[in-house]
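Using the sequences and the accompanying hints, generate a full structural model.
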Amino acid sequence: MSTSTNAPPPDYRVLAVDMSNIVIRFPGVLANDHVNLTLKQGEIHALLGENGAGKSTLMNVLSGLYKQTSGTIKVYGEKVDFNSPRDAIAKGIGMVHQHFMLVPTQTATENILLGLKEPRFFLNLSRYDKAIRELQEQFGLYVDTASKVWQLSVGEQQRVEILKTLYRGANILILDEPTAVLAPQEIDELMNTMRALVAQGKSIIFISHKLHEVEQVADRVTVLRKGVVTAEGIPMGNMTKKDLAQLMVGRDVVFAVKKEVREPGPVVLSIKNVSATNNKGVAALRGVSLDVRAGEIVGVAGVAGNGQSELAEVITGMRECTGSITVNGVEVANKPPRISIGHGVSHVPEDRTHVGSAPNMTITENVIMKAYREEPIGNRWSVNYPLAHDNAEELKEQYDVLAPSVDTMARKLSGGNLQKVILAREISAEPRLMVAVQPTRGLDVGAIEAIQTLLLAQRDAGTAILLVSEELEELMALSDRIAVIYDGVIQGIVDPEHTGVSEIGLLMTGQVSKEGG
Amino acid sequence: MAFKLQVEKRSADPPRWLPAATSIGAVVIAFIISGIILTIIGGDPIRVFSFFYEAAFGSWAALSDTLVKATPLILVGLACTVAFRMKLWNIGAEGQFYIGAFFASLVVLLPIVPAGSSRWVTIGTMIVFGMIGGALWGFIPGFLKARYRVNEIITTLMLNYIAILWNNYWIFSKWSDAGFQMTPVFDKAAWLPRLADYAREFAFFSGMTLHFGFVIALIVTVIVWWILSRSKWGFEIKLIGDNPEAARYSGINIARNIVLVMMFSGALAGLAGMSEITGVVHRLQERISPGYGFTGIIIAWLAKLNPFAVVLVSILFGGLIVAGREIQPSGLAQLIQGIILFMVISSEFLLRYRVSFFGRNEAETPATPSTPEAETA
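In the order they appear, the protein sequences are chains A and B.
Here our numbering is used: the first residue of the first sequence is 146, the next is one more, and so on.
Here our numbering is used: the first residue of the second sequence is 14, the next is one more, and so on.
These aren't lab readings, by the way, just hints derived from the structure by calculation.
All values derive from a computational prediction rather than experimental measurement.
Careful: at least some of the hints might be erroneous.
[To be verified] Some residues of chain B that are not near chain A, with every Cβ distance over 12 angstroms (derived):
1) Ile37
2) Thr168
3) Pro257
[As the list claims (entries may be wrong)] Here are the computed distance ranges between Cβ atoms for each label pair:
4) B:Asn181 to A:Gly260: 49 to 55 angstroms
5) B:Arg162 to A:Asp226: 46 to 52 angstroms
6) A:Thr467 to B:Arg162: 23 to 29 angstroms
7) A:Trp526 to B:Tyr182: 36 to 42 angstroms
[Stated by the list, open to error] Under the rule of at most 25 angstroms between Cα atoms (straight-line distance), these lysine to any residue pairs were calculated in the SDA-like manner:
8) A:Lys480 to B:Trp183
9) B:Lys245 to B:Ser360
10) B:Lys100 to A:Thr507
11) A:Lys480 to B:Phe321
12) B:Lys245 to A:Gly487
The beta-carbon is built from N, C-alpha and C at its ideal position, and this holds for glycine as well.
Below, the structure written as structure tokens:
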């Protein structure tokens, strides 16, 4: 392993990376469809796209984690064929993942050296400190290397990750959504670091979905949408944010399901001035107010991580908050989930395997996860399993769940079938309000359509539905109104009939905000 | 001959029969290994094992002794089963056993029921007190875990020592019988009925020490089975054990269940302590348990947390204890127990991994490259 940091000077004529016609196919999914990407030496190249657009997958191929199905990769003009991250590192490619790969109880120095051939036996760490310190000074990556990683801030941990790749001799750095975990001033520091790196001949691929950051720091941009390149290496100066937003979220909305026009009923869910923090203690919702009426679907649009998950959780009692949330006039904020369930709130959770179902329990047991308490499934003390079994069989038929029997374990179901089981449970509870988070994520077309049809049928039956989705097309097709959320604030509430995708895209990326709607 | 061993993680579920087969296989292999050890130290394994069988199951009297030993094991095995079903690692059944015995003793030592009360009043009160004592000892770690997220493995383990020393304090200082580390023998009203008590009516029963505690243990087994597999509470326990997040999402109060299940588990272990002092020892004394609480962990595991299997495994282990008393060196039964546990725990590996053997020539066949999961990020 080399500790060399002497990259050739910036030279835009040299292509550091040239990926052409990359196809990455997983069983049932075409993650990347003939993608081209070039990285000039000494540039910051933004890779922009929504969640699930295939950005990380493409970069995992470049860093040797996956292998492409077809297509060629050249690094500094040389055709390469990576079989492991080790091969990619040997060619000077280093990736800083969104989730840090550090050992919290070891020092920064130890983490940087971890996995290298040296030191072999005796840990004479001070010998290595000098080399690390030189790197730090060269690129302004200051961090106390004697500290244990858990004592460092998130921004400092990220610097350790970058040092780790540099120490391994990386000239091409891939930063996977590096700003997602950072505080604003840390983001500024990171941008300075990135500029310092390219000034000394390193080349950077910067994965992001935040337009203003891309605009601030990138030289060129490649946009991916659903695995297809929609803008290939365009210099940033030639693009407006509006163009980028449209390239990112797409313009053609296909209405797969038909929605009847309906006059919504009285307000069922009323959220007033609700604020909450995320799992890291950072503000996730900031003074959100929103109403959902009976027989209406209110969509929540936003790029992942802007507070929509937390919004669903405060309504269903899974997260604490300030402010007021009422369902049919009853306060449910900061009450345990049992209370909201009791007041007719159904919840299709974002994480269907870790929250929405019990993997080693049967379909029957998963269907009665909430209904076991009440008649007719629950008696005073016992569960009426024969009845539960019969009900589950009916639901399995009705919702077209493909499984050998209702005694099949939940973990054996495909994503679409598991989601149908969850929907069967949540809809059969005859809810007044349904909070559905990413109900179609990761499903195939058939399942998506089935689930969208179920949601619309619920709306027509008079249920108030709050639909959180990252699929703008889905929101446009299903919602009566769309609330766009960015950084924990509702930027505007728009009517999908009379609003263009690009306008919503700008709201989603925090470029403009709109009152009322 | 050269061969290569290949271990793969199982992608599909193991076949249905495999868990039971590995458990039984583990016990068989444990006996084989014990036999090899016996041979090495100069014994005759066949003779030893047939002696074991004779001593434990060879006659009605032997069987009676075995069931006496199985009684506390069934109850602590059930105690562990209940907690383990919720992935609550109560390894404090030993302490809960002692506190159960202590509380049950209070009924006659304080006394709580007036002297001269009928047998059933006395025994009934002792059952209640024994269970309350065990539940109390389970409440402490349950509350600490539910409220402050204190690791229950540590607290239940530590509370074992406190319970034993607490017991010792009282039998040394307060209720010592003529300076010995034991209380005076309880009044007959506090003895569980034994088969031998009916020897006058049925001569066959003479000398048989099997007491009513065994019946209690069987009744409790059915109750625990019903709770775990038929009741609403059992459903909650199962759901929390499988996926606590899903349980919380379903509106189940996890903290409350941690406390309740620890108390229930403790109550069962406390009942075992009560049964032991009223059915066997008839007084409170030092070392009323030779580690039943820890054996209960093994039993629950070996029984794959099935209450009825707990009864069968307890009888096997009861037999080992009885036979072990009659053989030299006396540690032999414990050796076999230890090997059984080791084998059972090792056999879990087979449920999660598939092991295949290759001859030398086949060995080079490369494993199929794993397909990465489709990742959307």
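Right, here's what the structure says about each hint:
Residue-level check passed: Ile37 (chain B) sits 23 angstroms from the nearest beta carbon of chain A, beyond 12 angstroms. Listed as outside the interface, Thr168 (chain B) is consistent with that label: its C-beta sits roughly 24 angstroms from the nearest C-beta of chain A, beyond the 12 angstroms cut-off. A Cβ of chain A approaches the Cβ of Pro257 (chain B) within 12 angstroms, the least distance being about 10 angstroms, so the stated non-interface status is violated. About 53 angstroms separates the C-beta atoms of Asn181 (chain B) and Gly260 (chain A), a value consistent with the hinted range of 49 to 55 angstroms.
For Arg162 (chain B) and Asp226 (chain A), the hinted distance range of 46 to 52 angstroms is satisfied, since their beta carbons lie about 49 angstroms from each other. The given range of 23 to 29 angstroms is respected by Thr467 (chain A) and Arg162 (chain B), whose C-beta atoms sit roughly 25 angstroms from each other. A hinted range of 36 to 42 angstroms holds for the C-beta pair Trp526 (chain A) and Tyr182 (chain B), which are about 40 angstroms apart. Taking the CA atoms of Lys480 (chain A) and Trp183 (chain B), the gap is about 47 angstroms. The hint is violated against a cut of 25 angstroms.
Distance check on the hinted pair: Lys245 (chain B) and Ser360 (chain B) sit about 32 angstroms apart at the alpha-carbon level, beyond 25 angstroms; violated. The straight-line distance between the Cα atoms of Lys100 (chain B) and Thr507 (chain A) is roughly 19 angstroms, inside the 25 angstroms bound, and the hint therefore holds. About 40 angstroms separates the Cα atoms of Lys480 (chain A) and Phe321 (chain B), which puts this hinted pair outside 25 angstroms; it is violated. Note on Lys245 (chain B) and Gly487 (chain A): the hinted pairing holds, with a Cα-Cα distance of about 17 angstroms set against a maximum of 25 angstroms.
Comparing the model with each numbered hint stated earlier shows that hints 3, 8, 9, 11 do not hold.
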